Structures are given as structure tokens and as C-alpha cells.
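Peer 1: Modelling step: build the complete structure from the supplied sequences, incorporating the hints.
Chains as they are written, first to last, in our numbering: chain V, 936 to 1434; chain E, 936 to 1434; chain C, 936 to 1434; chain R, 936 to 1434.
Check the hints yourself; a few may be wrong.
Restricting the straight-line Cα-Cα distance to at most 25 Å, the calculated cross-link-like pairs of lysine-lysine (BS3-like) are [stated by the list, open to error]:
{"id": "1", "chain 1": "C", "residue 1": "LYS1308", "chain 2": "C", "residue 2": "LYS1297"}
{"id": "2", "chain 1": "C", "residue 1": "LYS1162", "chain 2": "E", "residue 2": "LYS1162"}
{"id": "3", "chain 1": "C", "residue 1": "LYS1162", "chain 2": "E", "residue 2": "LYS1297"}
{"id": "4", "chain 1": "C", "residue 1": "LYS1162", "chain 2": "E", "residue 2": "LYS1308"}
By construction, these hints were calculated from the structure, which means they are not laboratory data.
Keep in mind the model is a prediction, meaning the values are calculated, not measured.
4 protein chains.
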Amino acid sequence: MSFRAVFYLVVISKKGKLMKNNLHAQMEVSDKLKEECGVFGIYDFDGNDVASTIYYGLFALQHRGQESCGIAVSDTKGPKGVVQSYKGMGLVNEVFTEDTFDNMKGDIGVGHVRYSTAGASSRENAQPLVLNYIKGTLALAHNGNLINAVRLREELAYDGAIFQTTIDSEVIAYHIARARVKTATVEEAVLHAMKKVEGAYSLVVMSPRKLIGARDPYGFKPLCIGKRDNAYIITSETCALDTIGAEFVRDVLPGEIVTITKDGIKSDTSMCLPAEKEARCIFEYIYFARPDSRIDGRSVYHSRILAGRYLAMDSPVEADLVVGVPESGNAAALGYSLESGIPYGTAFVKNGYVGRTFIKPKQSSRESSVRVKLNVLKEAVEGKRIIMIDDSIVRGTTSDRIVSMLKEAGAKEVHMRVSSPPFLWPCYFGTDVPAREQLIAYNRTIEEIREMIGADSLGYLKTERLEQLTGGLPICKGCFTGNYPLDPPEDDIRGDFEK
Amino acid sequence: MSFRAVFYLVVISKKGKLMKNNLHAQMEVSDKLKEECGVFGIYDFDGNDVASTIYYGLFALQHRGQESCGIAVSDTKGPKGVVQSYKGMGLVNEVFTEDTFDNMKGDIGVGHVRYSTAGASSRENAQPLVLNYIKGTLALAHNGNLINAVRLREELAYDGAIFQTTIDSEVIAYHIARARVKTATVEEAVLHAMKKVEGAYSLVVMSPRKLIGARDPYGFKPLCIGKRDNAYIITSETCALDTIGAEFVRDVLPGEIVTITKDGIKSDTSMCLPAEKEARCIFEYIYFARPDSRIDGRSVYHSRILAGRYLAMDSPVEADLVVGVPESGNAAALGYSLESGIPYGTAFVKNGYVGRTFIKPKQSSRESSVRVKLNVLKEAVEGKRIIMIDDSIVRGTTSDRIVSMLKEAGAKEVHMRVSSPPFLWPCYFGTDVPAREQLIAYNRTIEEIREMIGADSLGYLKTERLEQLTGGLPICKGCFTGNYPLDPPEDDIRGDFEK
Amino acid sequence: MSFRAVFYLVVISKKGKLMKNNLHAQMEVSDKLKEECGVFGIYDFDGNDVASTIYYGLFALQHRGQESCGIAVSDTKGPKGVVQSYKGMGLVNEVFTEDTFDNMKGDIGVGHVRYSTAGASSRENAQPLVLNYIKGTLALAHNGNLINAVRLREELAYDGAIFQTTIDSEVIAYHIARARVKTATVEEAVLHAMKKVEGAYSLVVMSPRKLIGARDPYGFKPLCIGKRDNAYIITSETCALDTIGAEFVRDVLPGEIVTITKDGIKSDTSMCLPAEKEARCIFEYIYFARPDSRIDGRSVYHSRILAGRYLAMDSPVEADLVVGVPESGNAAALGYSLESGIPYGTAFVKNGYVGRTFIKPKQSSRESSVRVKLNVLKEAVEGKRIIMIDDSIVRGTTSDRIVSMLKEAGAKEVHMRVSSPPFLWPCYFGTDVPAREQLIAYNRTIEEIREMIGADSLGYLKTERLEQLTGGLPICKGCFTGNYPLDPPEDDIRGDFEK
Amino acid sequence: MSFRAVFYLVVISKKGKLMKNNLHAQMEVSDKLKEECGVFGIYDFDGNDVASTIYYGLFALQHRGQESCGIAVSDTKGPKGVVQSYKGMGLVNEVFTEDTFDNMKGDIGVGHVRYSTAGASSRENAQPLVLNYIKGTLALAHNGNLINAVRLREELAYDGAIFQTTIDSEVIAYHIARARVKTATVEEAVLHAMKKVEGAYSLVVMSPRKLIGARDPYGFKPLCIGKRDNAYIITSETCALDTIGAEFVRDVLPGEIVTITKDGIKSDTSMCLPAEKEARCIFEYIYFARPDSRIDGRSVYHSRILAGRYLAMDSPVEADLVVGVPESGNAAALGYSLESGIPYGTAFVKNGYVGRTFIKPKQSSRESSVRVKLNVLKEAVEGKRIIMIDDSIVRGTTSDRIVSMLKEAGAKEVHMRVSSPPFLWPCYFGTDVPAREQLIAYNRTIEEIREMIGADSLGYLKTERLEQLTGGLPICKGCFTGNYPLDPPEDDIRGDFEK
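Peer 2: In C-alpha cells, the structure reads:
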């Protein structure tokens, strides 16, 4: 029944620029990178209420953001400008109740799930952003990160704009609103806005009579189109389509604006780049996306199986059993097993009730948070040489404990294989990466890392293999190489990343 | 843990103007007009945290708004631009918990309590409005109603503004922000904004290093300055000063901008009008303000005693007992008793637990909502001729039931006296008035009203007496006379009020 | 969604007796004694659902207990033994929601509001007590305090009983259950139980087809019968009847068992004592009961007016104004004014939003909790000699502050009058009294008390006047005199009260 | 902040017996049997607080009950009889908050997780049961089902007992309390109670200075002892020991009473039966227990691998891939793969956020609840002949949909194998089984079942194999054979099960 607003420090840099301060969360979490968002939009031409379908869609996208979520709907047959929205902090099934849907009538709508760094984890920042502007109302849901948001905010502010959130959607909304004064259609205004903003964005916009999807020219983040009966869907991943029983139509192209009205799908590809300049986030394939999704025609599951196979080719070792660190290491483990012929098995039992809200009583410090989540199947590993596959090592805070647990349970050897290259550089395009000095691979050799985690051997996926995972689709591998498809912002406050 | 946004219809009128749609609440409530807000700002030069003092201040102003409330604070010694705010739907002691204050560190802050009509009763609209603009952050708390807000929104929208709330504070904030690009100080920007906005407003603004109070040139709504040790307070009513143990310094003048910094109080009176053009809301004296407050040097309690005395002079009647309808009729009843010599007494017991959240189970319809709140003291009224005083009759929905209850309890006669004139016209300046056809006095003679409520006689305060209640301070009595100090908006959607 | 059970120390005393440990609450509360409970039972022969009517009834009884409340209903036409109950910590309008009533179907039911000392303030102890026994189900709601509960628990325990609460109702329930094995009817079993239990109790019992009311032979606590259409009500106070629109039928006699079935009201008076042995709690008339209630035919309001009149006769003083400390001092103040001819007035404004849940932020210690609740009407008291009436002084913790506030506001003299005698002894019959050394009147002369509170004079009601307040009805005045109608328990743990 | 009590129908049967009415839940749930409880007790001789350790233990046992949970602790060094308990509806991490533990001080305690059928799913029935009796306080946590509870309640009721819950623990508590009047120690009283009660129970009892564990003579439910530093633990499964970092000491023997005091572990085996009469619940090995637990020295994981191996031996089929229905079918699938040499793979992605509180908006009926939980990995199954392993088929409501999903995704053949025999008979010992006519195997041939679920072939584990799963430990396989180690209750209300 209440919410909190926090505006953090806005500093003027030496060069006179406003800089955003992303405070990094310090919670002890699993040693994983965080995806920042998932989006879902739908327009039902038969006039059925769509809020509950958005709910199911967001539920399928929950892995893309567990911090807040929201739904906004409108009735295209009702008076223009009435938008009903409901947002909250928490998981989809925590925020929405049956009552929510009683008040959410409308045949067009957008939804959003969100993760963010601590500084901006306030309720105001929950999406979709719902607003009133010259042409009525808009609702925006956005996945990605703009690299020129700080400068754009500054420019807008110099022109008298006020900001009530710290999310990029507000910047995009302003540009749409300013362009809309002059454009004939809202999709043209979106195009104008796209010419201003730089970075990663997959966007779903609801206007009173149109549903619009837009994807940045690099295609960092996925966005696809689906159809169920007479309803069209624009969403982050195909698994959301499967969940609601919709069929996949096609991916939104990098740089494309898709406009869905009663008259069908309209496409504007004027912002598209030559294919070779595209830069899909490779981490979507490696870890972020659900394995049952296909991104730009490429099965995520298949990419992970491949990663395991390449590991087996490039870092072979003699062993009795290949196991994955649940859940995200399982597919690559299977790939390793298939390639190497070493049997696949299960070494861990994961407590299925571990969730976002698990509290840690101060009373006791004896219980380890890794043990609470994972237990070893002694019977499965005792006396065996184990190959243990995980999708990535970020800080390395849990890998050593998992290796120890295997050894305590009687494993003779533990060989760790990682289905991505060492993680070395910041991401400017929507992934929450810890400061560089917290990265285990920073300034360390592989042998040093191996020693830290106590494994008998350690192998990473080779950077050269990354393109093979997507079958040649151009990717962004900046976090492994430091080479980005777009120049990072000059005054980046994230880092003393020497670049 | 969640909130709801609703944007209601924004229609373009025939004349091309945007019109705001204020849906009126349909809840069965007490037959009273609703004040729309209370504000409280404080700056402690000793650097003490002020959030809890704002809490106590808002608690003293709770009668000015029970729908939502909020507090925003900042630390003037800390980095510029960090504002902590917390808002919620409900009463002050429902929204804030001890935990709230753990995170609310700061020596400067503003708070707000709010009532609104149903359409805008969403969490987004809770105040203070906290925002980021060209010069850092602002927090605004506002009491009153602008009459040109719709037009100003329209103008801003044509210039690319986006609106995330439907409150007037957002319009004021935009004008401050736009002016601030060019002005040397924030108080100058406030002055610019005041030149644009028209209507009633008592405003408290917190900027990173200044606390600013502003009152519209007509002085519709009260605003006063207090001091406790080295802390200055700007708030709606003096009762908030008493509650926190502060002393009253002075009222903010109609039209004045007061700026509080480390260097003291600075005053800008360039917007002040000649005193005779001022137009204080007379209903503050009659009903809205707490009786222990003084507005512009005039005791509210004293005004109410006077109103009772005038009623006794102008509408005398023989009787055995004078009673007030609790609580707001008691002071005038005492005045009537003092003037007439007829003993004062108590006729009603009010259930002290009646609150905002009283639910009405559907199961039963036998129980009357008046009886749940009030019961008659049979012993006090049996066989007596009663003069019953209330401060106003709006719709008249409860007066008849209260008269009946007195008669059923054995009262021989019930003479109703009302300490304000018949209520006939809409208010454009911050009071929520029902549609004209719902007003009992509309198109009815006093005799007809008397008959409707079943009283043996009925007397209203004479309009001529109103100025006497404030000892000659110029007032707005538009709701009784239809003559307003400012022209109401042309495209007023409130009414088929033939004017 | 969760509850807490606490079983506090059960010690075997030197004499081999179990002793109950009533921990006294240490919250800073108003300086008032606490009533312990209110009960409400109803049986609707037309078969209407009664849960919502119980809700309204409990709402009218809220002043009798603000800590927890509960409702249990049954359908006399349905299968025997199905009881739906809902209980919770908090006020009636906090605990019950509209949803509650959807599941509460039944034409017979009981409800309860409760206050308790801290030790037993757990959810388990919320009433009504709902249980299954040899003859199906029972629901009990109880007001009062047994003086032999500890001994009875001990006896039952020696016989193999287990206790899941620390409330007396459980002891009564056991005795009903044990008797019921042998008796033909449940009311006979209640009679058997009444022969065992000693102390104060007003009891409402719901069995599958009967509603039973019972009052202890001394009549400590009130209990009355009402009727609305074809429904009978048994409840603590007549104000609950007024609130639901029922008419008063009669009081339940001290010692009487009243059984309501389809065949009408049956009365068993075999436990009644000679009238002169009855001992109504005089504090019900002075403070506990609502002024609009009548207890045993005597108006509570009238008793309070009388108390004021006697004060004026016995403790006269020259003054300009008589005021009451709101709300409970107002009736006696009016009586004093009527008797003395000194005008009655209002000196205080009470914040109408003060409730159970008012939090005190740790941040600030400047704000006084008395000021938060009460403010003085300076205009009313300035330069005047004030007679200030309160119903009682218990610890005296607030009287001095209120006197100071009046003096600071300009009162020339403050004469305090108290409409009850000095409070000196513990209560064993259902009132929560602080330890004797905390009572301001303990070991102090009136002059010493006057000095402590800073009044110019101080007068208490004479003990001899107490009987006159009830028109001669026999009363218990043990808390003023130390003489009790029943011997207190031998091993009373409450006190080093030298008796 | 509130709770609900419901007492359901207690009918006297023709033979004069009380019968308990277990209403069966109608929620659409996964097609799985429900375990009814998990228990956890601990006594720390070093005096450390144990509440948070119980919390972690219950978290590890969450799979044994998701409906309610509770913790009760006591301080053995403090005054006898003080027990702090906290219970609530929901998952362990929903019910307990950091605040909970601030008030839970004590070095001895018990905890409980619970699932129940709808009728008894009220808050009153949450465990541990905390009570006061002749010797102070007791807290009981119980897993299992008594078959003579109805008769025992009846007998107790005839003797004047009152029941405030409908859980078997209350019956056991009464028998302990009644025996305790005569016995020298609480463990003797437990022994007396064990002589009265019949059925399945694994019990942890906390008395002021002792922790007691007891297991019924048949050993239906698991119970084991662990140790961490100077603390002893008695709990349902060894996975709880691993989670808190304790070492396994030994299992409690069927029929054994274990008493833990400062002086060590004391054992009473007087109720033990000859080993061949023992009757461990085979479903603990097949599905209920966590795979990382060992029950009576036997690895649950190993039992499941074996079940898969036996299926491969007894029901071989040619195929390309063996997959498990997540999570519970995975171990048997691995066993099948190992035995048959057919590769193991993953065919399904399970939404990791599916939990107890997933709501189903009424708005939409298009979304299937199976699809929300599971999606098929098209890439993995396309064009393949699949062997799909699940641990059981109860109603068969989801098997057909899963088979369809595989086929829609392109599987050429789907061969279902079930790692338990067909489920045909009710369970009287603590498992919630649907009515017989709802069981898919009832009155159907295997071929008929196969056709219903649309698989290309279907094979069940042979009943003869069951004993092999436990390596010869005697088991109860009543649900498969109808032969029970104890006679079921005569007046069983569960069934028109013709036996």
C-alpha cells in the first residue's frame, strides 16, 4: 500500500556531463549475471481481455527479471486514453492477484518483468511506464540499456523536462512525445526517437489503437512476433509464445519497427543495418534465455549442447561422469557427454523451494547458503572422477564451495569446464556486471583460477567458438573481448576499466 | 508492494481544449465537503533528521486528507540530488512504520496528506511529487486547485511534455523546471511558475539546499511559518506547529514566496495583491481547519463560536437544550448557548473507532451507517426541545436521519441551525463539491429543506455574517454566492452549473 | 497468515498451587484502566446470516477490547457440528474484510472483542473459543475474570486435561464438557460449570441449536437481551442493540442462565443470590461502558452527570469555566456545570485519528505523546480559572502534562476534579490494574497528589457517593475500598498488596 | 493477523462411532500423491538458539508439506514452561521473517511442515501443537496417520475432553497427558500413549528439559538422529542434516523411543516388533523423500536408479532417447539409460517459478496449466523415439497432455515407463490418496491406460521388484496390493473401497 522513491546522485562530470550512478547490489546472490528485463505486448482483434494472457506471458519470462513487474491494458473500443495499469515489486505470482484482473479490462496491453541494480530498485521504476502526452496515452515496456541516456536526459533537462523515474523508458518516451507533435503517426515518432537513442533496446509500445515493437539496429536483445487466433503478440522470447499456446510468426529484425493495427502488421526497416553489423548478445544463448526459446531462428538449447561439445573437443579429460551445475549447466554437460562418450549423470539435488525471498536469520551462521540450495548425491559421485560443467564463472564465489562439496562426498577428481570464455569486461547494453576487480578472471591466469576454486583441471570455452554457437549470426562478445559494436559512453562511471 | 496507475479520459472539447475528467466518488460518506490537502515542510539547521517530525506534523493535519500521504527528505550536507521519499495510500499511521524512518535520513523535507476524488485516487498521484530536473532534484507538496491546469497541460503537451500523474503539482513542477533553465535561483523559478498558474495553491518546495513556501495571491488556502530551536517549518495549519512543540512565527502572506536557507528567511512579495482582493476560503474557518488553528491571525475556534452566536441572534427559538452534531457542530452550539442562555448539552455518542476503513458486509442491510457512527443519549434529550447545530448541510443525506433519531429518543421539538449559509455553487479552488443537483439547497426554499429533514424549524447563517467570522479579513464565499474572485474555467466539465 | 503461541510460566507455589503469571504491559498508554472484553451472541429464527450483524455489534463494543476479536457462526439448519470462525489481532474493522463474510454462513453465532495484559496477548487466546466435545461443537465468548481459574486448571490437569490457551473460557469449557457427559441439556452443563467457577463472568455460549447467556451471581459484568424481528441477541451493552437497530428486552439477571431456542427464552435462576449480595462493577458506570448504554436499568450517562453534580456539591470552587478531559470527562463536567452554574466549555481539541496503531519513530524525541493527542484551545482558556474534570487518575502520568498545557495556554487557575474516588486496590474481576506502587493515590495524601500534578486544587468523588450513582443497585467498589464481594485468591501473584 | 477455525461434521455412525470427515481438496494440482508432514527437533547442549537452525531444517523438508509450518522453542536454562512458538499457513520462507527469530530464544525446539486435505487445512491445525498440562508444557510435531484416532477421540470425549484441532497430535497429546499423571518421566508417558495409538507416526516431542523422538513399530515414516557439535537433531530425513551441516548418527528404529537429555541419548525399544513385521512406506523411496536422503541406511537415489534399471530389464523397448518427467522421473530415467544403453537426455524445460501461489485468472481459459509449467525442447525430441519415465500415475490427468506435447514437438514414438506399480488402493497411513474411482488404474487394463494417455507403449514397475528397491528391508506396499500391515479402520469413511 505504499511506495518509495529514491533519486540518487546526479553529478556534473568534469566535462559538464550528467552521469548516472548505478549502485551495485551487494546481496549475496548466486554467482550469476543478471538479465535486465522481459517484455510482452498483445493486441486481440476479437476484443478479448488480454491482461491474464500477459500475466501468463510474463510468467514465462520471469527468468529475465524477478524484481518488479507490471501490466498495462487499454480497451481499443472504449474511450481513447483510458489505461489501466498495475505494477509492483516482486515476482509475477506475488504481485498479481485474482482481484487485479477484475479491474484490467482491455484488448490491447503490454507487460514487463524487471531486474535492476539496487540503486534504481524502487517502485517508481517498475514498468510499463504509463503516461499522458499530446496524443493521449502511451505505455512502454523496454529491455536493454541506452548508452547515451545520461546525455539525452541532460539535453531534455536543459529544455525543461522533469524526470520522475531513472529508467531509460522515460527518455525514450520524451523523444516519442516531442517527435509526435510533428509526426502523422506514433510509429513515425518511434522512428524519430530511435534516431536519437543509442544502445540496446527491445521495445513494446501501446498507443490507444496500436501495438508497436521496435528493436535496436544491433539486435542486442531478442524480440519476436507470435499469433494466437486473431491476437498478435510481440515478446522477448518464444517460450512465452509456447506458454500461452501461440504460434511463432517471426523475429523482429534488428532495427525494425513493427506496427500492429486492425489492418495487420506494418514494418519499417529504415533503421536496419547491414547484417554483419548486427550484434546479438551471446549471453542470451549461453545463459539468459530459456533453453526452449529460439532467438533469430536459432535454438538456445542447441547452442548450449554445442558449447558442451566444443568443450569436450577443446578441453578433453579422462573421467567417469559428466555432471551439470543445476540448472543452467545441464545442457552443456549433456553436450560434453555426447561428444566425449563419458556418461552423463546427476550429482546435485537442488532445493526446489529456493526463491527470491529466502531469508537468512541472523541467529545462526552455521548454515551455508550453498548447502541450503544444493546437496550432493553421495551415491552418484563417490569414488568417481567428475567433469562438472557450469555456464559461467563471474566472481567465483560459489564454484569453490561446490567443488569442495563434491570432494567431501568422495569424488576422486573434479574437472571444471565452463561453457563460456572468461568474463573480463563490463557490459553497457543491459547486463548487470560486477566491478572489474570483482571478476575472478580479471588479472588472473586460468591456472590461478583453477587453484582458487580447487578443481583438478579447468577449461573455458574458446572465444573463437562463440560465433559457432549461433551458427554464424553476428554477435556481441564485448564482455569477453572488450570490443564493443558501439563505443561505450565517454564518462562511464562504472569503471576504472582501462580500455 | 504494488501500485496502480489509471489515466482517465482526456477529451478534446469542441473548442479544442483538453478537459480533465474528475470522476466523483460515490461512496456513502458523511455529508461533508472534503478538503483536498495539507502540507508540511521543515529545514533543521542543526542537521537533525526531520522525517519523524514531518510524520507528527502530517498526523496533526490528517483531517485535511485521509486518502494518501507521503514524506520526502534530503540531506543538505550530503551529495546534492539524493532524495528519499515514501508514499502510500491510507492514513499517516497506516502508511508509515518504524522501518520507514530507518531509511529516511535528512535535515530538510516535505510531507503531504491528500484527499481526492475517485478518478485520481491512485498511488501515482500521492504527493510529494519527487523529480529530477536540470538543477538536480525537487520535491513539491501542494494544497489547492489550479483553474487553468487543463490549459497549461495542453500547452506543455504541445511542447513535448509527458505526464505521469494527474495532479496539479506536475504542472507547477514543469513550469518551475522550464523557468529554472534561465533563472539564477529556484525561488525565481517559482515566481515565474506563479505567474503562469492561476487558482488556489499553498505550496512547499524542497530543493537540495532550500525550503520554499508559496501562497497564491488570493490566499485561498492557509500557510504559516513556525520555528523550533534551529528548525524552520512551513505548514498548512498552526495546529501542526503546536503538535510538534514549535512556535508560530507568522503566516505566509497571500502572494508571498518565502525562501528558507542557512542565511534565514527571505521574502518575495512581488505577486501580492492589494489586501481587499484577497479571498481566503471561508470554509476553512467554518469546517475544514482544526478549531485549535489560527489562520491569518484569526482563531478558527473563535470564528465558530461567533457563528453560533450570530445564529442565536438571527434565528432565535425557545428551547431547553442546545446540542452540536459531533464533532464539528460543537463549537457553534456552545456559541449559540452562550448567546441565548439556553443550556448546552450532549445529545450524541459517537463511536470513536469509526475510520476510513470501516467495511460494510453485503450480508446484512439492516444496519444503518448513521447508527453505526452515532447514537442518541436518550436520557439527555427525552421530553426536551432541542436546538441542534451543524456546520453545514451539503446533500442533506444524514440530517434527516439524525433528526429522526432525536425524535425517536423522545425529543419534543428539534430545531436545526446551520453555522454556514446554504451551499449552492461549485468550488473551483480545492474543495470537492458534489454536482449541483445533488445539493439540498439547490432549487429549494428553506421551508422545503426543513420539511425534507423533518426539523421543527431550520435556520442558516446569513451570508452577511461571513465577513464578521474573520473579523473583516477578505474571504471567498463563492460556494454560497456564485461570485468568485477569479473567473472559473470556460470549459468546466463539472457542470451544467448555469452561471 | 501466521500466529504465535506463548505459554508463560506456570509455577507450583509453596502451597502446591499453580499460579498464573499475568505480565503487565509496559506500553506507554493513556492513563486509563482497561476493560477486558465484550460479548455478542445472536440467533435468527428466520434463518438469516448473522455474521455481519455480529460484526456491527462488536464494532459498537470496540471500547471494551481493542486487542483481538473474533466471530463464530453455525447454521442450525445444516449438519450439526459445522462452525465457521474467524479471529485476529486488531480492531474489528482491521480483522474483518468483505471476504470474511463470504465464508461465514449461519443463523446463530457469537462474537468477542478482547483486551488483555501482555502475557496472554497471543492469537491463540483470541475468542470465541471454538471446540469439539462429546456432543458436537461449542463456541464460547466470555467477559470477566475467574478467581479460582488457577486451582481449577490444576485440578483438570491432574485429571489429564491439556490446555492450548491461557484464557478462562477454556476452564469453563472443560467443566461444561465434563458435566455434559451426564446432563440432558447443554444449559444444565453450563449450570454445573457455574457451580465450579468463581469470579466475574458474563458468558455467551453457542451450541449447535441453542444460544445461551450466563452471568455470574454477583453480576460484576453487564449482560442484556435484545430482539430484532425474529432474532434474539445476548450482549454486553445496550449500545450494541441500538447500533444494530434491535430493541432492548431485559437484562440477564446476576446468576441467571438464559437459553434461547426456537421455542423461546428459557430462564434458570437457581444460582441467583439475594439482591443485596450482588456486586456490579461501579467502574462500568464511571468509565468502561459507553455513556449511551443502560446497565441493569440505569443510564450510564446519567450516572456520570450525577458524579459531576456530586463533585460540585462536595468540592465546590470558584471558577470561570468547567471543562472535561475528552472524551470520558465530558459528561461529569456537564454535571458539574449544571449543578454549580459555572459555564461549561471546551478546552481541548483531540486528534480524531489517534488509534491503537500510532507508531513512535525513534528518530525524534521532541514530540510529546500527549501533545500529539490533545491540543489546548488557547482562546477558550486564556485568563480563565478552569475546573477540569476527569473520570479517574490511575498512575497520574498524563494529568500533570494536561494541567501544564492549560497553564501554558494562559489559564489563571486549574482545579482538577475526579469523578471517582482514589484508586487504591487491585481488581480480581476483570479489570487490568497496574501494580499498587504505580498507583498515584497509593501512600499519598490528596494534597501530595495535587502537588504532583500541579493543580491549584484537587477533589475526588466521595466513596459514599458511589451507591448513589447506580440509584442504590448493589455495587463492587473493591478497587477503592479493598473490600471485595468474594475473597481474592490466596496465592495471588499480583501483589504484595498488604491486605 | 487473523486466523480461521473450522470444525467439520462429526457424525455418529450406525455402529455408534465418531467418524472424521476428510474433505478432499479439489484444486487442480499436479497428478502426484501428497506426503503429509516433516518433523525436525533439536537440542543444543551448548545453549545456542536453535530456531534458525530449525528454519533451515524445515526448508530442507519443504517437499514433505507446503501448506503450513511452525516452530516452537524453549530455553532449558530459563523458567520451566515458557515456550515460544510461531506458525502460519504457507511455505517456510513465506511464514518466517527475520523478526520472527528475534522473539524465538531457546536451545531446544521442534518444527513442522505440513500438507493436509482441504477439510483440515486451517490455521488451528498447524503444528507443532503447543500445550500446557500437568507437568508444564509440551510441543509435539507429528508425521503420519493414526487409524484409531476417531475411536480414541470418542473415548476421550466421553471422558470430558475438549478438542480445539482436528489433528492426530491432539489425541497423542491427551494420552501423554493422562499417562503423565502416573508416570515418573515424560518418555514413559510417551510409551503409554504409543500403546494406545495405532497407525503411522514419527513423532518429535519437546518437554521443558528433554527432546524425544518416537517411531511407530512398523516404521512407516522415516526418522533419524543427527549431531552437530554439541547439538542433537531428530528429523524426518537425512537431507535436513546435510543442509544444516550435521552428521548422521543413526536412524530411529521402528518402535523405538529416543530421549535426548544432557546425559545423552537414551533408547527404549520395548515396543519394537520383529524386523519382518516392519513396514516402511515404499513411496518414500519412490517419490516422497528427497533423492539425497538415506532412509534406514538405504539411499533413496539408488532405489530410484534401480527402479529405472528394473524397468529397462522388464519392459525393454527400442528407442533413441530416455527422458524423465521433471523432476521426479529423472533418476529412474538415468537408471533406465544406464541399463539399456539408450542415451539419456532432457526433453522438458520446467518453469522454475511455479509455486504454491500461482493464481489462475478467470479472464482467460486459453492457457493450459501444464504448458505453464512445462515446455518441450523441440530440438531434443524431434524425429526421435522417446522413452519417457515418470515415478507414478495417479489420476492420469497430466500424462496424456505431456505425451501430446512430445508428439506435437515431433517425437516419432513415446513409450511411457512408470517406476512404481499401478496404484490401486487407499492409504491409511499418512498419504493423501484420491477416491478409488479417480485412480486411473482402477478397473482398467494396462492397455486401456496406455490408450487413454496416448502412449505407444506403457510399462509399470513389477510389484515383485518393490522389495528389491530397499535391498530387502520390509516395506508396506498396501497402495499397490491392498494388503496392509495393520487392519484399516472398520468405519472407514474414505471409501466404498470394496476390500
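Peer 1: None of the hints should be skipped; say for each whether it holds.
Peer 2: Against the structure, the hints come out as follows:
Distance hint between LYS1308(C) and LYS1297(C) is fulfilled; the C-alpha atoms sit about 18 Å from each other, no more than 25 Å. Taken as a hint, the LYS1162(C) and LYS1162(E) pair is broken in the structure, with Cα atoms around 58 Å apart against an allowance of 25 Å. In summary, the hint linking LYS1162(C) to LYS1297(E) is supported, as the alpha carbons are separated by about 21 Å, within the 25 Å threshold. Annotation: proposed proximity of LYS1162(C) to LYS1308(E) holds, straight-line Cα distance about 21 Å (limit 25 Å).
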